[in-house]
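Participant: Residue numbers (this note's numbering), protein chains in the order written: chain X, 3 to 105; chain E, 3 to 105.
All clues stand as given, with none of them false.
Cut-off 27 Å, straight-line C-alpha distance, at most; resulting in silico cross-link-like pairs (DSSO-like, lysine-lysine):
1. E:K31 x E:K42
2. E:K64 x X:K70
3. X:K16 x X:K4
4. X:K84 x E:K84
5. X:K16 x E:K16
Covered stretches of chain E (in silico footprint by chain X; criterion: 3 or more residues with CB under 8 Å from a CB of chain X, positions within the stretch not fixed):
6. 20-29
7. 36-47
8. 53-64
9. 75-89
FYI, nobody ran anything at the bench for these hints, they're computed from the structure. Every residue gets a Cβ at the ideal spot worked out from N, C-alpha and C, and that includes glycine.
2 protein chains.
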Amino acid sequence: LKELKDSLLEVEEKYRKAMVSNAQLDNEKTNMMYEVDTLKDSLMELEEMLFETRRELEEKTKDLEREKHAHSILQFQFSELKETLKQSEELLTKHGIVLGPDL
Amino acid sequence: LKELKDSLLEVEEKYRKAMVSNAQLDNEKTNMMYEVDTLKDSLMELEEMLFETRRELEEKTKDLEREKHAHSILQFQFSELKETLKQSEELLTKHGIVLGPDL
Numbered sequence: 003l004k005e006l007k008d009s010l011l012e013v014e015e016k017y018r019k020a021m022v023s024n025a026q027l028d029n030e031k032t033n034m035m036y037e038v039d040t041l042k043d044s045l046m047e048l049e050e051m052l053f054e055t056r057r058e059l060e061e062k063t064k065d066l067e068r069e070k071h072a073h074s075i076l077q078f079q080f081s082e083l084k085e086t087l088k089q090s091e092e093l094l095t096k097h098g099i100v101l102g103p104d105l
Numbered sequence: 003l004k005e006l007k008d009s010l011l012e013v014e015e016k017y018r019k020a021m022v023s024n025a026q027l028d029n030e031k032t033n034m035m036y037e038v039d040t041l042k043d044s045l046m047e048l049e050e051m052l053f054e055t056r057r058e059l060e061e062k063t064k065d066l067e068r069e070k071h072a073h074s075i076l077q078f079q080f081s082e083l084k085e086t087l088k089q090s091e092e093l094l095t096k097h098g099i100v101l102g103p104d105l
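One chain only, chain X, in its complex shape (with noise of 0.2 Å):
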């Protein structure tokens, strides 16, 4: 008989040990599932960030492009101007007439 309670009071303890673990486990995984919660959100927030700043490269990206091709259509336009200029000076210089002040 007395060692049938002692085996009872064993076995309880290990029931009680048992669920003080499990409670703890309980809790463990209540806040790993938190966080798991809170790294997806911040993930998703992050993989919104980057498909904005893409978005914005790729905005500035074409922008430079218009701006490069305008600039040297300009360049083009003002090397052809300077030509023309040259010429004209010439024809002026040519015929003795001599640039105004202003000129």
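Got chain X sorted already, so can you dock chain E onto it with the hints?
Facilitator: Structure of chain E alone, referenced to chain X:
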């Protein structure tokens, strides 16, 4: 005695169930720890990509500002040159000099 045996059996059964649930919780916890680590890795990766994309955007913005600045200077020089050419051509016409075909 019978009662004692029954309660021993009962507690043993409860203990067994508690251990099964313990193992299950422990397993879930391990899976979650893995998920948390994976999420943290992805988060770090995304942060790096965002940092890199922002750096690129900043650089592209500076390039665009430089391009715009150079373009506006050329714009100014272009209109000045146009003005000079106008005057030069007015002088030629005033002196009755007909601009050559190549002009």
